[in-house]
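Asks: Each chain is listed here by its residues.
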Amino acid sequence: MVADIAFWGLGLVAVISGAAVFYVDSMARATYALALSFIAVGLQVLFLQQNYVGVVTVLMMVMEMAVMAVYMVMFMGMNPALMPMSMVHSNRTAVATAVLTFGVLAAGILLVDWPARRGSPPPEVTVALGEALMGPKMLVMAVISPVMVATIVAGVVLAAHRTRYDRFGDDLKQRAPEDPQPGGVGR
Amino acid sequence: MGELALVQSPGVPDSPVVTVAPGWALAAVAILGALVLVAGMLDGVLSARSSGGPGGGASGAARPFGEAARLMRQRRRTTVQADTLLWRVGGAGLIVTAALMVAVVPLGRWTIFDLDVGVMWFNAMDVLVWALVWLTGWGANSAHSLVGGYRFLAHGLGYELPLMFALVAPAIAAQSLNVGTVAAAQDGLWFAVWMPVAFLVYLLGVAAFSVWGPFAPALGSDIAGGVRAELSGVDRLVFETGRYALLGAGAAFSVPMFLGGGAGPLLPDWAWVLVKTLAVLSLLVWLQRRLPAFRPDMFMEVGWMVLLPAVLVQDLLVAVIAVWRA
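Respectively, the protein sequence lines represent chains A and B.
Count the first sequence with the numbering used here and you get residues 1 to 187, in order.
Count the second sequence with the numbering used here and you get residues 1 to 326, in order.
Just chain B, with the same shape it has in the complex (with noise of 0.2 Å):
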């Protein structure tokens, strides 16, 4: 191994955010637990609201404290030759995965990962997601929860490369792939502004790496809940608060990348970086009463024939915006 510790770090050379220790996991993992907790109350809100006042059980902003009370004392139920090690790493792994997410987000200054290639880190987690929600409708053995997630991965196909090639901007006007130099050179222009289509393929990219609002298809009632349908108790509370924690994450994410990082008046960076993340957190789940599903099996030409040639243009015009500003 001496060999190994001949390579010098490349690190991060001016890095404009501090790694902090790694104990501080423990405060960006309760920061991302609260988003979870915000989005769910939200969520119970609108619900309650659009359904014309309470209906059984706890509703409005006690929703996601009623659910959890009531999946943690729900009996397990179990399928005839579950593949039970598969099933599980699927539902747990969607909370890790937003977790690993956030990992490379700074909160203004601070940061718990500052990897040089931070963009890529968080485009491969989101990748994840594919294997864990495919693997949560096939553990269950159960034909409507492979069904699930065969839609869940019909989506991907179509959402995939467009988010990609979203994420591809901003890096490009930073010339970087790490996040604190990409949330520093929004100086005065935030990347949002001048660069919608990416910011919106990305928005979309991120409610469908959650499985939220349109591509939601893949939990459909239709199909008795799809990949979730034969989830229960706590794997399906574990299931759930990962969705609500990748949106989370995110939305967070968006942050750095679009929206100027911690920049902003009188509040200190990293309550700015909060604000933000509260803020485009509350736009998704808004809008998942808001959009229709996307039909998982004609999304793909709308992913490759609309999404992908305008997010590329955008790609383009960034890229020459970039050479000529150089």
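Excised from the complex, chain A in its bound form (with noise of 0.2 Å):
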């Protein structure tokens, strides 16, 4: 009993504050109201027994939001976000699309014979779901793995506007390279 409102009430803090990320007014809130969001997500997922990727998606994810709550205020808006700001552009259109999309997930959810529940859960859920996730394609998980760090850092290498040549001379020969920010280490 106690459990079931924990969960139903999680369940509604994840989307009260995903909500909130749309209404409030500065990017500080809106990152940090994503934020709580997730960990409300991830308490849920250690009601289903799923302990490990629940206290994982807490960390991970207030790992990123606090990394992104820096970019937010970065880059968005015209007086990099520390001023109040909208969270909403191209209101009409984003309120078509959203309860577009919501009536036809709910028609679905509503509409689609559900097949009845086969067997017990296995005794270690976490497992089974890994096995589930990963074990029949763990080649093409494999593959893709590199192929994403090749891709992130082509892009970071792509976008960067100095070279080694900017670096360490015309001939790659300077020592020490010339950074504008100088690393820790000396180098």
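In case anyone wonders, no lab produced these hints; they're calculated from the structure.
Do not rely on the hints blindly, as some may be mistaken.
Derived list of chain B stretches under chain A, where covered just means 3 residues or more per stretch with a C-beta under 8 Å from a C-beta of chain A [what the hints assert, rightly or not]: (1) 104-117; (2) 178-191; (3) 206-215; (4) 302-314.
Counterexamples of contact, computed for chain A against chain B with all Cβ distances above 10 Å [said to hold, decoys possible]: (5) 15; (6) 21; (7) 28; (8) 29; (9) 32; (10) 35; (11) 52; (12) 56; (13) 70; (14) 89; (15) 105; (16) 146; (17) 163.
A few chain A residues that face chain B, going by a derived Cβ cut-off under 8 Å, partial list only [said to hold, decoys possible]: (18) 26; (19) 55; (20) 63; (21) 66.
Every residue gets a Cβ at the ideal spot worked out from N, C-alpha and C, and that includes glycine.
From these two lone chains plus the hints, build me the complex, please.
Replies: Right, dumping it as structure tokens:
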């Protein structure tokens, strides 16, 4: 009973703070409303006995939002988001799309003939989830990971405005690189 | 909700610790409070000694009491267009985070929250500090405190991954993320002895998420106090208490992770946990005056070029030894 109330209460927190992202007028509040929403979802996952997944959700999302807040304040808005600003744009299209999407998905939930549950959850649900997600697709995952990392590195290299010739000289012979921001290990 | 009830709790099979009634959480918070006081008094004594005798106001061991009395009577400073909600959440959240950290630390045989992924739980809590310190800096709507918040995040990018991989080493050796199991796995040989790099990086991480010692530039006097520049009165007291509480919680967590938990001769296991916690806490407090500040703009490279590879090699060695012993 208490667990049920807590679970649904957390769900409510997740939905309301998710909606607050668009209602508040500051980038910091929007970012941390989203963080709160993720924390509530992570705690809900604990109630599903997926302890590892739940705690990792909280960990990753808080860290991500802490970094995202910095970027949001830096890049969004006219006055680097230090002033109050609206979190929405293209209101009418957005509202229409949202209502339509909600209607379609809700109709789908109600109209689909859901199958009855067969069997019962295994004792180690996290292991079962991991095998269901990764087991037969391990090769795909193993291929995708290096491709994604290579994409990130290539993107940063292409976007960086300084090249190795700026850093190490035209013949790449300069010992200490010439950087506007010196590093901490004396290279 | 019937489905939820059907899922059997995996729990922790053969858990070496006993979960006590939730009411004992008050005792855990009381112990955390005692650690805060001890750390504050020790810091006061060391501060008085290094400045050559009593300065103005309460000093020495009486400093935490004098400071608390002073701050509780101080009028609250307000700033123009402060984001009060986020500001207060940030300042008050540190104590809550520290309390949630000690919830998974077993006191000898007893624990409040015997989570099967307790190590991850601690890690998630220390990441919360990123958000809380930045929010404290943001909320005041003051340039200096915001600069302090960014300094903390800059440190965070450098210390967090080494700290995470330092926590991985004991978990690999114990083949469990349960804190009680990790403590029990150090039968005879403490993890601090044969994984010293992970232990040192962990201690550095504790200082970092407590905004302590070399990681205090976020509160630097060169930026008028940084994150706490505009904090006054009770708010400042709560923020400072939170920092000491994080230091205490980090010291307490090092005991089951690296220092054998309650293992030790003569004294009962709960007493050994407290003795070891106090020893680590004293070391951290003492280090504050012994280490230079890490510059936030330069520490990232130290974290990624020195600490992270060192702790990864440590993890590899631990993994090889764990496989070889199995």
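Asks: Confirm or reject each hint.
Replies: Now for the hints, and whether the structure bears them out:
1. Counting residues of the stretch 104-117 of chain B whose CB lies closer than 8 Å to any CB of chain A gives 3, which reaches the minimum of 3, so the coverage claim holds.
2. Look at the stretch 178-191 of chain B against chain A: 0 of its residues bring a Cβ nearer than 8 Å to a Cβ of that chain, fewer than three, so the hint is violated.
3. For the stretch 206-215 of chain B, the assignment as covered by chain A is violated, since 0 residues bring a beta-carbon within under 8 Å of that chain's beta-carbons and 3 are needed.
4. With a threshold of 8 Å between beta carbons, the proposed coverage of the stretch 302-314 of chain B by chain A holds, since 3 of its residues qualify and at least three are required.
5. Every Cβ of chain B is farther than 10 Å from the Cβ of residue 15/A; the closest lies at roughly 17 Å, confirming the non-interface assignment.
6. Look at residue 21/A: its CB is around 14 Å from the nearest CB on chain B, clear of 10 Å, so calling it non-interface holds up.
7. Look at residue 28/A: its CB is around 5 Å from the nearest CB on chain B, not clear of 10 Å, so calling it non-interface is violated.
8. Annotated as non-interface, residue 29/A brings its C-beta within 10 Å of a C-beta of chain B; the closest such distance is 7 Å.
9. Not every beta carbon of chain B lies more than 10 Å from that of residue 32/A, the smallest distance being close to 7 Å; the non-interface claim is violated.
10. Separation of residue 35/A from chain B is inadequate, the least Cβ-Cβ distance of about 6 Å not exceeding the 10 Å criterion.
11. Under the 10 Å C-beta cut-off, the non-interface status given to residue 52/A relative to chain B is violated; the minimum distance is some 5 Å.
12. Interface exclusion of residue 56/A from chain B breaks down, the closest Cβ pair being 6 Å apart, not more than 10 Å.
13. At roughly 6 Å, the least C-beta separation between residue 70/A and chain B is not larger than 10 Å, which violates its mark as non-interface.
14. With a cut of 10 Å on Cβ distances, residue 89/A stays outside the contact zone with chain B, its closest approach being about 22 Å.
15. The beta carbon of residue 105/A is kept farther than 10 Å from every beta carbon of chain B, the shortest such distance being approximately 20 Å.
16. No Cβ of chain B comes within 10 Å of the Cβ of residue 146/A; the nearest lies about 18 Å off, and the non-interface call holds.
17. With 10 Å as the threshold on Cβ separation, the claim that residue 163/A sits away from chain B holds: the shortest Cβ distance comes to roughly 20 Å.
18. The criterion of a C-beta within 8 Å of any C-beta in chain B is met by residue 26/A, whose closest approach is roughly 7 Å, and the hint holds.
19. Interface restraint check: residue 55/A against chain B, minimum CB-CB distance 4 Å, threshold 8 Å, status holds.
20. Annotation: residue 63/A was flagged as interfacial toward chain B, and the flag holds, the nearest CB pair being 5 Å apart, inside 8 Å.
21. Of the supplied interface hints, the one on residue 66/A holds, with its beta-carbon coming within about 4 Å of a beta-carbon of chain B, less than 8 Å.
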